[in-house]
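Participant: Please construct the entire structure, taking both the sequences and the accompanying hints into account.
Number of protein chains: 2
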Amino acid sequence: MTSVLERLRIKPLEWVEDRPEGPVFRWLDTRLIPWEEVYRETRDYRRVAKAIKDMEIRGAPAIGVAAAYGMALAAYYSEARSTGELLEKLEEARRVLASTRPTAYNLFWALDRVAKAAKRAEPRGVDAIVRAVIDEAKKIHVEDVETNIKLGRIGAKLVEDGDTILTHCNAGALATAGYGTAEGVMRAAVEEGKRIRVIATETRPLLQGARLTVWELVKEGIEVRLITDNMVGYVMYKGLVDKVIVGADRITLDGYVANKIGTYTIAVLANRHRVPFYVAAPSSTFDPKLEGDEIPIEERSPDEVRTVLGKLLITVPDVPVYNPAFDVTPPELVTAIITEYDILTPPYTKSIPEMLRRAGRL
Amino acid sequence: MTSVLERLRIKPLEWVEDRPEGPVFRWLDTRLIPWEEVYRETRDYRRVAKAIKDMEIRGAPAIGVAAAYGMALAAYYSEARSTGELLEKLEEARRVLASTRPTAYNLFWALDRVAKAAKRAEPRGVDAIVRAVIDEAKKIHVEDVETNIKLGRIGAKLVEDGDTILTHCNAGALATAGYGTAEGVMRAAVEEGKRIRVIATETRPLLQGARLTVWELVKEGIEVRLITDNMVGYVMYKGLVDKVIVGADRITLDGYVANKIGTYTIAVLANRHRVPFYVAAPSSTFDPKLEGDEIPIEERSPDEVRTVLGKLLITVPDVPVYNPAFDVTPPELVTAIITEYDILTPPYTKSIPEMLRRAGRL
Chain E
9 MTSVLERLRI KPLEWVEDRP EGPVFRWLDT RLIPWEEVYR ETRDYRRVAK AIKDMEIRGA
69 PAIGVAAAYG MALAAYYSEA RSTGELLEKL EEARRVLAST RPTAYNLFWA LDRVAKAAKR
129 AEPRGVDAIV RAVIDEAKKI HVEDVETNIK LGRIGAKLVE DGDTILTHCN AGALATAGYG
189 TAEGVMRAAV EEGKRIRVIA TETRPLLQGA RLTVWELVKE GIEVRLITDN MVGYVMYKGL
249 VDKVIVGADR ITLDGYVANK IGTYTIAVLA NRHRVPFYVA APSSTFDPKL EGDEIPIEER
309 SPDEVRTVLG KLLITVPDVP VYNPAFDVTP PELVTAIITE YDILTPPYTK SIPEMLRRAG
369 RL
Chain Z
9 MTSVLERLRI KPLEWVEDRP EGPVFRWLDT RLIPWEEVYR ETRDYRRVAK AIKDMEIRGA
69 PAIGVAAAYG MALAAYYSEA RSTGELLEKL EEARRVLAST RPTAYNLFWA LDRVAKAAKR
129 AEPRGVDAIV RAVIDEAKKI HVEDVETNIK LGRIGAKLVE DGDTILTHCN AGALATAGYG
189 TAEGVMRAAV EEGKRIRVIA TETRPLLQGA RLTVWELVKE GIEVRLITDN MVGYVMYKGL
249 VDKVIVGADR ITLDGYVANK IGTYTIAVLA NRHRVPFYVA APSSTFDPKL EGDEIPIEER
309 SPDEVRTVLG KLLITVPDVP VYNPAFDVTP PELVTAIITE YDILTPPYTK SIPEMLRRAG
369 RL
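Protein sequence lines correspond, in order, to chains E and Z. Residue numbers for the first sequence follow the working numbering, beginning at 9 and rising by one. Residue numbers for the second sequence follow the working numbering, beginning at 9 and rising by one.
Watch out, some of these pointers could steer you wrong.
Which copy is meant is left open, because identical chains are indistinguishable; a pair holds if it fits in one copy or across any two.
Calculated cross-link-like contacts (lysine to aspartate or glutamate; reagent style DMTMM-like; alpha-carbon spacing at most 20 Å) [stated by the list, open to error]: (1) Lys246 / Glu340; (2) Lys124 / Glu29; (3) Lys246 / Glu307; (4) Lys251 / Glu168; (5) Lys319 / Glu44; (6) Lys158 / Glu340; (7) Lys124 / Asp295; (8) Lys246 / Asp301; (9) Lys246 / Glu299; (10) Lys147 / Glu14; (11) Lys246 / Glu302.
Derived from the structure by calculation, the hints contain no laboratory data.
Facilitator: Given below as structure tokens:
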């Protein structure tokens, strides 16, 4: 592990190599935060897929890294004897991992990178492919942290001393390899000596704001105040919010932003109250093949809405619900997008393709 | 009890006279809905005050009726021997009942009506005051139902066959004496043969939408779909909402509407998506002495936000929160206000005083 990973205070994802029976992938089960800090590990890529699907691991960048390590496990433990057989096994693993969650673009981006690395190593034999897949996964992991740190520094320019920042869901250490996108900007601002306050929305149904963002910011010593999702209008009306910073699960070539359900509502309120609305996302969240609001949106189990975390039934059993996990915010509501390259501003039809060309992705 | 009360399918509040030891006030403990249907009763007005404060009884019109019956209990069980002593006891009861919740205007309106009735009966002696207070409370109770039915019929004109109506919190049978304001409009539309669908927001922190509105509408056979509060933007963006109808806790002379926290957010979204935003409220919810957004807003216990109904801690203990129980929607976001007299439209500075003059309140 390189030093950038060693320096992380929260390590939600780890590739552990020093095991006599071979490497394991280890992760923090974020479903149990803030009650328990439980780490799980596996040698089976199907278990990684399940961890993503069940949201033990969540947040687009974290999903990307975990999926890459899923491929690494599939390669290491495949027992394939020929490169053809191994690539077939890897293709199967990719299909299983890709079918977990449809919206987060980093998932497909990471799987694609790993698959390409495997393909490139094919002429050098089975062991070389295994090595290449593991190396690419580790590279994606390290790059995620480096990218977040860069993005954080760039974004911190937008934060002023004394700012109150509203954020939604969790785009922090627990949504990435350990530094965060939206929370990465906050971390960087605090590292620069700026005093900030955060207002965190609880983020029903799965309460990532109440559970993860609050836990993470309290741990960092950053002042945070929790609100229910329907209080966003109130705090804006009262002038309590200077900036909104959120993460993203997928951003189109023309600047439509898919992010946790509720983001669009916040963007509309920010627009009405002239509060800057910033999205913090690495280049890996951008989908160069999509334009407009046609991003596939995951609809999850109705029981997530009918209950609180499966622990408390809060309504009449079997009442119909809507449960979209994400919504799409149109570009006209987005003040700027913070990436590891630059702060992108409108027109996004110009700034996003420019950034993606710099990233070698267009 | 008059026939209008007998006809109610849900009787959340009752004055029960046929008890050998004297009358009791009986109410449905709405905190236990939808899990249990528990009715409580008391002869002590302080217990009524506690039921209001703890939200066993909630919703501005229901609070008004309950407070009036609290005065009735105070009068009946006072043991005062002189009119002066009785009026003093009643004044004390009024203070206790008035201190329960600061925002709902119907509370102060009802207490005022009962106090005036007592004062008018003073020349006729102690028993006459007791009788006058009880009669006024019963009158407020019956009038609430009659008013809701009238308001419902008037509001139903705004509802078209096939409409999907979004509502927030609970402005139904469980927020009134049994018919409802916003839900009263829906009931009346259904009685007229219109087919409607309802989208109910769960309404954190106390989940009145998920618990009460869904329970009530399922009981009535009205099609309802539950969403979390942060999905309002999504369902509007998708064009799934034809109208918004909500209740109110207090409306100023110039049309500022205090209602359950989250209402303002919905109004802003409705405005952006050109969805009509209707408020349904009886004349007793209008405060003729206030203008602008200076309505006192109740801040409730932080544990309501940190937990779900005190049953499940969802965040780091002791994290600071905001917990305003209400927000204020400015008149420019309100398409119309449905009262028992008329559908009020802008300019509210004209239509509200006109209505209050008809109601003999200005």
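Participant: Run every hint past the structure and note whether it holds.
Facilitator: Verification of the hints:
1. Lys246 / Glu340: Answer is between; shortest inter-copy Cα gap is 17 Å, intra-copy 24 Å.
2. Lys124 / Glu29: neither (28 Å within a copy, 85 Å between copies)
3. Lys246 / Glu307: between (34 Å within a copy, 14 Å between copies)
4. Lys251 / Glu168: within (10 Å within a copy, 40 Å between copies)
5. Lys319 / Glu44: For Lys319 and Glu44, both the intra-copy (15 Å) and inter-copy (18 Å) Cα distances are at most 20 Å.
6. Lys158 / Glu340: neither (26 Å within a copy, 44 Å between copies)
7. Lys124 / Asp295: within (17 Å within a copy, 69 Å between copies)
8. Lys246 / Asp301: The answer is between: 11 Å across copies meets 20 Å, while 31 Å in one copy does not.
9. Lys246 / Glu299: between (36 Å within a copy, 18 Å between copies)
10. Lys147 / Glu14: Within one copy only: 15 Å inside, 73 Å across.
11. Lys246 / Glu302: The answer is between: 12 Å across copies meets 20 Å, while 35 Å in one copy does not.
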